[in-house]
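Asks: Each chain, letter by letter, is given below.
Protein chains: 2
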Amino acid sequence: MSAPHLEVHPWLVREPRVDLDRTGAAEALFSLSNGYLGVRGTLDEADPSVERATFLSGVFETHPLAYPEGGYGHPEEGQAIVAVPDGTPLRLTVDGAALDAREVEPEVHERRLDLRAGTLDRRLRWRSPSGTVLELRTRRLVSLSERSVCAVRYELEAVDGPAHVVVRSELTLGACPPEIHSDDPRVSAAIEQPFEVLTARSVPTGGHLALRTRRTGIGVAAAVEHDVDGAATVESEAGEDRVVTTVTAALAAGEIVRITKTLGYTWSHDLPADSLVQRAVGAVDAGGELGWEGLLAEQRRILDDFWARADVEVDGDPELQQALRYNLFQLCCAAARTTRAPVGAKGLTGAGYSGHTFWDVEGFVLPVLSLLVPEAAAELLRWRASTLDAARERAAVLDWKGATFAWRTIDGHETSAYWPASTAAVHVNAAVSRAFWVHANVTGTSLDELGGREVLVETARLWMSIGHEDAEGGWHLLGVTGPDEYTGVVDDNVFTNLMARRNLIRAADACESAPQRARELGVTAEEVRAWRAAADAVHIPWDDHRGVHPANAGFTTYREWRFADKRDSYPVEEHNHYAKFYRRQVVKQADLELALWWCREDFTDEEAAADLEYYEARTVRDSSLSASAQAVACAVAQHPDLALRYLRETALVDLRDIQEDTAEGLHMASLGGSWLALTAGLGGLREIGDELELAPLLPARLSRTCFRVTWRGSLLRVETTAGGTTLSVLDGPAPLGVVVDGVRHEVGEVPVTVPLRDPAPLRAEPTQPAGREPRV
Amino acid sequence: MSAPHLEVHPWLVREPRVDLDRTGAAEALFSLSNGYLGVRGTLDEADPSVERATFLSGVFETHPLAYPEGGYGHPEEGQAIVAVPDGTPLRLTVDGAALDAREVEPEVHERRLDLRAGTLDRRLRWRSPSGTVLELRTRRLVSLSERSVCAVRYELEAVDGPAHVVVRSELTLGACPPEIHSDDPRVSAAIEQPFEVLTARSVPTGGHLALRTRRTGIGVAAAVEHDVDGAATVESEAGEDRVVTTVTAALAAGEIVRITKTLGYTWSHDLPADSLVQRAVGAVDAGGELGWEGLLAEQRRILDDFWARADVEVDGDPELQQALRYNLFQLCCAAARTTRAPVGAKGLTGAGYSGHTFWDVEGFVLPVLSLLVPEAAAELLRWRASTLDAARERAAVLDWKGATFAWRTIDGHETSAYWPASTAAVHVNAAVSRAFWVHANVTGTSLDELGGREVLVETARLWMSIGHEDAEGGWHLLGVTGPDEYTGVVDDNVFTNLMARRNLIRAADACESAPQRARELGVTAEEVRAWRAAADAVHIPWDDHRGVHPANAGFTTYREWRFADKRDSYPVEEHNHYAKFYRRQVVKQADLELALWWCREDFTDEEAAADLEYYEARTVRDSSLSASAQAVACAVAQHPDLALRYLRETALVDLRDIQEDTAEGLHMASLGGSWLALTAGLGGLREIGDELELAPLLPARLSRTCFRVTWRGSLLRVETTAGGTTLSVLDGPAPLGVVVDGVRHEVGEVPVTVPLRDPAPLRAEPTQPAGREPRV
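Chains A and B are the protein sequences, given in the same order.
For what it's worth, numbering that gives the first Met the number 0 labels the leading residue of the first sequence as 0, then goes sequentially.
For what it's worth, numbering that gives the first Met the number 0 labels the leading residue of the second sequence as 0, then goes sequentially.
So here's chain A without its partners, still in its complex pose (with noise of 0.2 Å):
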């Protein structure tokens, strides 16, 4: 186990005995970010650090993709998120020892992240080599209302005797980098130096670099001011790549030293050096004009107001309790102030993937977002709209129409080497498409106001010019690779080609209920008419002889997978060769199953019951994708229980370590996967009709689920007890109508409550391979 030991508590994340051997997910658990800027959550004397960086979004450096045996069109430059000056370290001398919490027996040595007030705090308690007693006290926040902002207040006393201290406070590019994994020379010497400095300055108080990426050219500035309270003298002086303050104070029994730190980032692709210098020192003093307390009080504004529209609540599961409210802070702060920038994989809580973003922030990060904080999604769909160029381009490449969006990148243009899992994976552009839509469907906006309903003309071009109609009339997928990675560049995958249904239908629609728009975009009626014509023929294959949807042509015949043999074997991808598990019946994430949820009328109940126990069986969730879609699968075929077991499994990704690679960052799609088990899986939420629909359970261990979603600006709280499930708008237009196991109800303020339906499978709850239930 690499993950902390942390307190279960309703509203703060606590590791009440730090413990230096397991850093690494650590300083990814309490990383702070705004979206912009992303800190990770190292000790402020730097060391032991497993990865310290802080992170900008969008700032990101290029390298060269060479291949042993290249061919047409796969991407020749890789990009990776790069760490900018950091401004964390705080390095302590007492008495001449460094303080290195290794070396010393600490009384208190404690980290809490309070979700409420959006603030990292730490204590710690030691007698130093010279005999006196010490404590630290620190608080560190990256402002959620001042995006270019990082505060650190720095609290030092000398317990009961006197001490000699020295703080050395930097702003650093030299900090413990990102692993870079790769063999590659010409990676290594890209990312691990990417930046050339242009200036580094001191003022007496702090400094400021600028710096500016080798390849890529984004300009970069930091600035760094500090205020000091007690007897203290304090010096700065700028070096190569460096600002160093420092604060040296002769602290009698009893007395404190108190360092407030501010830094300010910021980055452009174009602006020259001295402005980019301006805006960071601007930014500084922007925290400095609002003081520490302000920034503190906007903190908690901010996070209350996030709270009123998001709490999530359950009673009977305190562990539960605290993961979704966890990930919802996280979310809620990867996304909060983003600019021009997606929101990785991993957020800016690690530089893993590279600081790339996939679909899967579409599939499970922006819905969220879309029903809790629009605004926040809507400036992420806007980056996506961005891209659209790049999607061209790579389309043209492929001698493909329309646009097809990349599987991973920082700045919309396809980085991924291995094409059958990317540049295959066209589903990837259903789901880009499907954030659209279901944003515009949720808020009530225009399609248009983000770029919407050209992403879906130009998706749906796509989905014409790959798909086609065989003799039969059957319109077909062939050589593509859905959502599970173990079976891929197969025919007909039945998610990708449901999706592509979905696309076409509503590129369709998009284009005939805004005429004019669609001119614009140079849609025809004919092409209107094609793209219906296709969406009604999509073949769907069907496994008559088992009674189930092959996840794609000829999935069921292929040879099982022998997972009694293999039990010690996973992930499969690590103990076996491609070649070997694309045609064998082994699911590595839900692919059939997350078709089950988001095209769920496309089946019925029958199907659904049969397909999830035939997939639950074969699917052995080497992805952290993959729990929540288990999830709303298992609830959408009448299994709270297994549907529970799965949601703790996708809100605890992080907090237990459960995948081991924390420490590389937090996983953004389980965060905003463990809420939408909740409230799409437990709460049958469906977001895709003209009125809000829910179709509640709750498990036998929960006693009480209660979620809130803004509807089309009306926000709605729902709780969920054995009395039934009873509703209310808290605020917004009023009344909502609102679906509830397929009745429609006018909820107002006053709770409605309707009675809670008995859950009413169709068969047995669904097994799992050995070893592959449910975690935690």
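Be a bit skeptical, because a hint or two may be false.
[Said to hold, decoys possible] Partial chain B-side listing against chain A, Cβ under 10 Å, derived:
no., residue
1, E68
2, Y71
3, P74
4, G77
5, D182
6, R185
7, V396
8, P419
9, A423
10, A470
11, D490
12, R566
13, Y569
14, E573
15, N575
16, T603
These are computed hints drawn from the structure, not numbers from a lab.
All values reported here derive from a predicted model rather than from experimental measurement.
Where is the CB? At the ideal position from N, CA and C, for every residue including glycine.
Got chain A sorted already, so can you dock chain B onto it with the hints?
Replies: For chain B alone, coordinates are given in the frame of chain A:
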């Protein structure tokens, strides 16, 4: 056009006017080799040159294979043939001016390769800048009797005046190295300077070098000796990586200086430097012992014997006549003296494909050798059998049973970095086992003599582990790639399934006919029963609607390729992405058509006619492997004129540089393929029965064809004219039963003539995609 202009002649390949702008292809075409040692056809004065290199078969270096996105079981080490010290340079200075054929206007500058003498001659007559006319006459050979010896006779005449001449004869590593097709600096680092020099010594008339490859640790030694006639001084000097012998003469008008340069080579995995040197010096001594005339006589003796067994004649097409003999000559040389090493796709005529061997050697070279020079075939099969352990290791990595042979390799280990076209192309195992089986059948020797029975057993085990029976009892191979590299990762490729069936049956037969040996190989009766049961159940897809075999399940439902729009976009793979063409009806190379040849008896005549028509219309022939198979498939379907056109294309691939890559080396599979197109195609030769079968056809353009084969020790001559096919046994056991057009004849020394059948096609001559008709 990059091919040199060559005279058409039945026994010579003569370039009457050396064209130094087309020197790359000429270097390959004028290569000399004996399968152990190969020398490119470079100019004596070394420059200009495209790739000046001497190769030893089996001497290679490894380099890292680094993947931008790796995966389990991807080979981590590449291999590349490397150039050993080159002894061809004899740099000439006349009256202080270095000879550069580009800077003089020669009266005469010709080269000719004599297919009966086994020598490359050159004559150059020019006026030196100082005014004297000189004539240089050189003759080069790579001995077919002394595998380690290359010799050059260099004769320079001062025709009409005095000349002070200096000849700088080198044995040197500092050659013009093979081009490295990788932008990974670690690859060039490994391959560009592969050798560490162990010793470099001179004696007055020559010297030697010993070297070792840095990573593979292969020791190489080369020695050189000069014998000089005429009044000249000779001295030698050893440098860091070369031995240079300088011959100086003051020639009066009409005087000649004559140098005989003898080179000896050796290599070993374990010998110390001194032993290597002694062997190389020993080789030079052996060459010296024979003397220049002795070497020439041996050369002619061996080739006389070869042509007596292997000559082919065609009347009515002198170009084809020349090409067929040239091809057989180069094939004979490529395989004559191989020792514990494979024949690469380019033989030793260039560093193309990094010197790797592929399944095409088993498919298109070995059957030729088995029928013409079985002792050479045996040595190659012995090498392949020696890679069984590597093939077993690879199978174990993939969690497969038995053995899976490498797609591309020098030492038996898989080095392909793109798995869909290598690891998934399991059909190579069928080609390997077929080569063993055919050899035993043709020669009448035991399968065990070369390890064939073990190969059959281990490949049968492979098929059993990758194939499986479905619920309906059909046996399938899913997720494989057949010979057509434009259709990857498919199910039930007809060619692969038919070949797997043969492999299983032959393995079962081989075990039942040698029960003691089968027991030694751990084969049980139950295992054999399972092989037969699987063979019985092999699923062969059939498209009832179109009345043809889909090349793989679903192939005929794929979208058609827009051949008309894509006329200028060949090869397809350089203008299109895999994700586009893997599921289109565009065929790179014979796949189903290859099955029409190798699995002839699995098709009715009607099926063969329909299949041929269908696939001819969709095959773009972007691979040089294809034309010979298409020739045979056309002949099978009774289209001898079209078969001849394909035969011409395959026969002239190198002499006309049709693929524009002959500079990288000759296409061994095309050399062999042209003979197969003549014999298996026009001759209807089948080598899989207990007696040789023939079904001759004569295209309109040809008035006569004549070829020879050795069947179980009997040398059979087969001559076809309009008057019929005349058979006679020239040597070995007689009478010999030969089946012609289904009727058995007893053939002895006295010729037997069988009337010529008229072609009886069931359909019209098939057509090809626009612009992809047979070339030449």
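Asks: Broken hints, numbered, in rising order?
Replies: Failing hints, ascending: 12, 13 and 16.
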